[in-house]
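> Given next are the chains, with one letter for each unit.
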Amino acid sequence: MPMLQLDCVAFDPVLASVTISFEPGRLVGVIGPNGAGKSTLLKTIAGLLAATSGRVLVDHVDLRTVSSKLRAQKLAYLPQTLAEDIPYTVREFVEMGRFSHQSMWSEVPKTGKARVEDALAEMGLTTFADRPMYQVSGGERQRAGIARCLAQESPILLLDEPISNLDIFYQLDIMGKLSELAARGHLLLVAIHHLEFALRFCDDLLVLTNGKLVAFGPVEDVFTEDLIHEVFGIDAAMFTDPIRHYPRLSVALSEQKHGPGKAARV
Amino acid sequence: MTTRGRLTFGVLIAAFLVSSALEIGIGPMAIPFWRIIPDTWQYIHGQHTTDATVIGALRWPRLLVAILVGAGLAVSGCVLQAVFKNPMSDPGVIGVSSGGALGAVLTIALGWSAKSIWVTPVGAFVCGLLVVFIIYRLATIGRRTHLYALLLAGVAMGSLCSAIITAILDLSPLEAMQQMMFWLFGGLDGSDWHEVILLACTDAVVLTAFVALAWALDIMVTGEEHAEGVGVPVQRVKQVTLAMCALLVGICVSTTGVISFVGLIVPHVLRYFVGARHRALIPASALGGAILLSLADLLARTALSPIELNVGVVTSCLGAPFFLYLLFRRGQVWGRE
Chain A
1 MPMLQLDCVA
11 FDPVLASVTI
21 SFEPGRLVGV
31 IGPNGAGKST
41 LLKTIAGLLA
51 ATSGRVLVDH
61 VDLRTVSSKL
71 RAQKLAYLPQ
81 TLAEDIPYTV
91 REFVEMGRFS
101 HQSMWSEVPK
111 TGKARVEDAL
121 AEMGLTTFAD
131 RPMYQVSGGE
141 RQRAGIARCL
151 AQESPILLLD
161 EPISNLDIFY
171 QLDIMGKLSE
181 LAARGHLLLV
191 AIHHLEFALR
201 FCDDLLVLTN
211 GKLVAFGPVE
221 DVFTEDLIHE
231 VFGIDAAMFT
241 DPIRHYPRLS
251 VALSEQKHGP
261 GKAARV
Chain B
1 MTTRGRLTFG
11 VLIAAFLVSS
21 ALEIGIGPMA
31 IPFWRIIPDT
41 WQYIHGQHTT
51 DATVIGALRW
61 PRLLVAILVG
71 AGLAVSGCVL
81 QAVFKNPMSD
91 PGVIGVSSGG
101 ALGAVLTIAL
111 GWSAKSIWVT
121 PVGAFVCGLL
131 VVFIIYRLAT
141 IGRRTHLYAL
151 LLAGVAMGSL
161 CSAIITAILD
171 LSPLEAMQQM
181 MFWLFGGLDG
191 SDWHEVILLA
201 CTDAVVLTAF
211 VALAWALDIM
221 VTGEEHAEGV
231 GVPVQRVKQV
241 TLAMCALLVG
251 ICVSTTGVIS
261 FVGLIVPHVL
271 RYFVGARHRA
281 LIPASALGGA
291 ILLSLADLLA
301 RTALSPIELN
311 VGVVTSCLGA
321 PFFLYLLFRR
331 GQVWGRE
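Protein chains in written order, with the numbering used here: chain A, 1 to 266; chain B, 1 to 337.
Just so you know, these hints were derived from the structure itself, not from any lab.
Among the hints, erroneous ones may be present.
[Claimed, not checked] Taking lysine to any residue and the SDA-like style, the derived pairs with C-alpha atoms no more than 25 angstroms apart in a straight line are: (1) B:Lys85 to A:Ser39; (2) A:Lys69 to B:Arg236; (3) B:Lys85 to A:Gln135; (4) B:Lys115 to B:Ala167; (5) B:Lys85 to A:Glu92; (6) A:Lys74 to B:Glu225; (7) A:Lys113 to B:Arg277; (8) B:Lys85 to A:Asp85; (9) A:Lys74 to B:Pro233; (10) B:Lys85 to A:Asp130; (11) B:Lys85 to A:Thr81; (12) A:Lys74 to B:Arg143; (13) A:Lys110 to B:Arg277; (14) A:Lys74 to B:Ala214; (15) A:Lys177 to A:Gly124; (16) A:Lys69 to B:Pro233; (17) A:Lys177 to B:Glu225; (18) A:Lys110 to B:Met1; (19) B:Lys85 to A:Thr89.
[Unchecked claim] Examples of chain A residues lying across from chain B (beta carbon under 7 angstroms, computed): (20) Leu48; (21) Ser68; (22) Lys69; (23) Ala72; (24) Tyr77; (25) Pro79; (26) Ala83; (27) Ile86; (28) Pro87; (29) Met96; (30) Gly97; (31) Phe99; (32) Ser100; (33) Met104.
[What the hints assert, rightly or not] Listed next, with one range per pair, are the computed distances between beta-carbon atoms: (34) A:Glu107 to B:His146: 29 to 39 angstroms; (35) B:Met88 to A:Thr126: 28 to 38 angstroms; (36) B:Trp193 to A:Thr127: 56 to 66 angstroms; (37) A:Asn210 to B:His146: 21 to 31 angstroms; (38) B:Leu304 to A:Gly138: 49 to 59 angstroms; (39) B:Tyr148 to A:Lys113: 33 to 43 angstroms; (40) A:Glu107 to B:Leu304: 41 to 51 angstroms.
Values in this document were obtained by computation on a predicted structure and should not be read as measured data.
Cβ atoms here follow ideal geometry from the backbone N, Cα and C, with glycine treated the same way.
Chain A on its own, in the form it takes in the complex (with noise of 0.2 angstroms):
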């Protein structure tokens, strides 16, 4: 049964009509150049941006008929980017995610507590957990962006280029991380720019270009050098690797289109 479905959802004029079904237990990165309508794509379904037509639905109920602390409960989005002045510490950050399980009054209880220090743990902030926000890395407050989602709970997960801002360590510990995710049966959409970890991390791929839904399915199916070719104007080779025996990109400009390139592994 599909988990979340998007019914002729478009937003005039950067996104044209898009109808598909995701199923649970699936991470699908959103791939497409810059300008491709990703953000547009996971904001809209977030109910950031009113679609200009079509409807969302979770669990077969249109989201523009719930409140917005129901919405949290299905569904937790992360912006692309996290303001760099937050005033309060990254414990108390991450408790935010708890807000749509709370009344206004009531503080958060002790199960929503050990929530948000599993969500912690999780992103290896247990020892940051008291410092401000403000006085922490770039990479460090993405991951704390990424722990409040996990504190909120919700069965489907929109991320907005979630390891654009991470060392390679943590770029491939929250691959790892999401992946598991799914495996124990949320819903991941997950805009990455990073073509090799869309190959090797996830499940499904939904590709965009200028704003139309080029191709969605697993990445097996959707993942070739044309449609690479096609959708980023480079030529682009998939090998395995010889060490570990992942699949691997070699990557170029493509002559026809930006004259002769430097090769360049992504």
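Starting from the known structure of chain A, fit chain B onto it as the hints suggest.
Below, chain B without anything else, positioned relative to chain A:
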């Protein structure tokens, strides 16, 4: 709450009691502190000796108006700073002050103020709310209120209002001008018990609402998209905050005229001491605003006695240097060290 936070509340409460006692005791007719309670008791029981009348009919209402207006302005500033995520915000940014001043000046210029003492306050209130509504409509596109548009519209409407006020001042006779100045720079002169009751009811309703919204306001500080992501009904919070601030500040302006700076500095100073969590910051700001305004009024009355200064002049003279000191010594703006 941290030890520093608890200590701050202790100091605030002590300062509140001291400044209240001073505001009641000091004046052209000095009343010793130990007479305050017995004289008040006499006034309540209808024994109108001179001391009892001065305390009951003049000093108490004046003190209570100072407390309630100071608290209202400081809390509005605190909440608007969170919602706008802009440390420069004070009740002035939503246009309610400039609109209120324009309303008051207009009723005086048109000669309506002579008809009843209520005309000018009502004019100030209505006009203040009208300006907020115009700014809100201008900045709301679709279902979303854009905060930068709101700030810019507020600045533009504010300068339009002050231009009209200046034009009216240019054209008015001296006597009307003096009357208008009261509204432009604020004063607690002539406070009475009706005003106290009106302000107390409004303060109670609005402050309760803001304390209930405290966590949502905390989350708004981290950014609108974030707030939406965790389930804060951002647009509703904005609407409620604007409406509540407009109502509260509208009533403040209509009783005392425009008093600047309280709403800007009090929350900033206290954010440094009690932190940026609104459950503590809102009550602390209420106390801080009450203290600042009653002390400012005391100075306004006594500094150049028998001449009485406008209280707005004193709040700025007291507040600005202290604020600048904190800002440049600590290098902190948004509750940071």
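> Are the hints correct? Go through all of them and say.
Hint check results:
1. For the suggested pair B:Lys85 and A:Ser39, the alpha carbons sit about 23 angstroms apart, so the restraint of at most 25 angstroms is met.
2. A C-alpha spacing of about 12 angstroms is found between A:Lys69 and B:Arg236, which places the hinted pair at or below 25 angstroms, so the restraint holds.
3. Our distance criterion of 25 angstroms between C-alpha atoms is met by B:Lys85 and A:Gln135, whose separation comes to about 19 angstroms.
4. The straight-line distance between the Cα atoms of B:Lys115 and B:Ala167 is roughly 24 angstroms, inside the 25 angstroms bound, and the hint therefore holds.
5. Between B:Lys85 and A:Glu92, the direct Cα distance comes to roughly 18 angstroms. Compliance with the 25 angstroms bound is thereby established for this hinted pair.
6. Between A:Lys74 and B:Glu225, the direct Cα distance comes to roughly 16 angstroms. Compliance with the 25 angstroms bound is thereby established for this hinted pair.
7. Of the pairs offered as hints, the one joining A:Lys113 and B:Arg277 holds, with about 17 angstroms between alpha carbons and a cut-off of 25 angstroms not exceeded.
8. With a C-alpha separation of about 10 angstroms, the suggested pairing of B:Lys85 with A:Asp85 holds against the 25 angstroms cut-off.
9. Between A:Lys74 and B:Pro233 the alpha-carbon distance is near 15 angstroms, which keeps this suggested pair within the 25 angstroms criterion.
10. As the CA atoms of B:Lys85 and A:Asp130 are separated by approximately 23 angstroms, the hinted pair is consistent with the 25 angstroms bound.
11. A hinted pair counts as satisfied when its Cα atoms are at most 25 angstroms apart, and B:Lys85 with A:Thr81 qualifies at roughly 15 angstroms.
12. A distance of roughly 22 angstroms separates the Cα atoms of A:Lys74 and B:Arg143; the hinted pair therefore holds under the 25 angstroms criterion.
13. At most 25 angstroms may separate the alpha-carbon atoms for a hinted pair to count; A:Lys110 and B:Arg277 meet this at roughly 20 angstroms.
14. A C-alpha spacing of about 24 angstroms is found between A:Lys74 and B:Ala214, which places the hinted pair at or below 25 angstroms, so the restraint holds.
15. The straight-line distance between the Cα atoms of A:Lys177 and A:Gly124 is roughly 12 angstroms, inside the 25 angstroms bound, and the hint therefore holds.
16. Taking the CA atoms of A:Lys69 and B:Pro233, the gap is about 8 angstroms. The hint holds against a cut of 25 angstroms.
17. Of the pairs offered as hints, the one joining A:Lys177 and B:Glu225 holds, with about 24 angstroms between alpha carbons and a cut-off of 25 angstroms not exceeded.
18. Between A:Lys110 and B:Met1, the direct Cα distance comes to roughly 18 angstroms. Compliance with the 25 angstroms bound is thereby established for this hinted pair.
19. Taking the CA atoms of B:Lys85 and A:Thr89, the gap is near 18 angstroms; set against the 25 angstroms cutoff, the hint holds.
20. Look at A:Leu48: its Cβ gets to within about 5 angstroms of chain B, closer than 7 angstroms, so that hint holds up.
21. The restraint placing A:Ser68 at the interface with chain B holds, with a minimum CB-CB distance near 4 angstroms, inside the 7 angstroms limit.
22. Interface hint at A:Lys69: satisfied, since its Cβ lies 4 angstroms from the closest Cβ of chain B, which is below the 7 angstroms cut-off.
23. Among the interface hints, the one on A:Ala72 holds; its C-beta lies about 3 angstroms from the nearest C-beta in chain B, closer than the 7 angstroms criterion.
24. The beta carbon of A:Tyr77 comes within 4 angstroms of a beta carbon in chain B, closer than 7 angstroms, and the hint placing it at the interface holds.
25. Because the closest C-beta pair between A:Pro79 and chain B is about 4 angstroms apart, less than 7 angstroms, the hint holds.
26. The closest approach between the C-beta of A:Ala83 and any C-beta of chain B is roughly 5 angstroms, which is under the 7 angstroms cut-off, so the hint is satisfied.
27. Interface restraint check: A:Ile86 against chain B, minimum CB-CB distance 5 angstroms, threshold 7 angstroms, status holds.
28. The closest approach between the C-beta of A:Pro87 and any C-beta of chain B is roughly 4 angstroms, which is under the 7 angstroms cut-off, so the hint is satisfied.
29. Because the beta carbon of A:Met96 sits about 5 angstroms from the nearest beta carbon in chain B, less than 7 angstroms, this interface hint is met.
30. Among the interface hints, the one on A:Gly97 holds; its C-beta lies about 6 angstroms from the nearest C-beta in chain B, closer than the 7 angstroms criterion.
31. With 7 angstroms as the threshold, the beta carbon of A:Phe99 comes within range of chain B, its nearest partner Cβ sitting at about 5 angstroms, so the hint holds.
32. At its closest, the beta carbon of A:Ser100 sits 3 angstroms from a beta carbon of chain B; the interface hint therefore holds under the 7 angstroms criterion.
33. Look at A:Met104: its Cβ gets to within about 5 angstroms of chain B, closer than 7 angstroms, so that hint holds up.
34. Range check, A:Glu107 to B:His146: about 33 angstroms between beta-carbon atoms, so the 29 to 39 angstroms window is met.
35. Distance hint for B:Met88 and A:Thr126: a CB-CB separation of about 37 angstroms, consistent with the stated range 28 to 38 angstroms.
36. Roughly 58 angstroms separates the CB atoms of B:Trp193 and A:Thr127, a value that falls within the hinted 56 to 66 angstroms.
37. Taking 21 to 31 angstroms as the suggested C-beta distance range, the pair A:Asn210 and B:His146 conforms, at roughly 26 angstroms.
38. Hint check: B:Leu304 to A:Gly138, Cβ distance near 55 angstroms, so the stated range 49 to 59 angstroms holds.
39. The hinted window of 33 to 43 angstroms between B:Tyr148 and A:Lys113 holds, with their beta carbons roughly 37 angstroms apart.
40. Checking the proposed 41 to 51 angstroms range against A:Glu107 and B:Leu304 shows it holds: the Cβ atoms sit about 50 angstroms from each other.
Every hint, counting from the list given before, is met by this structure.
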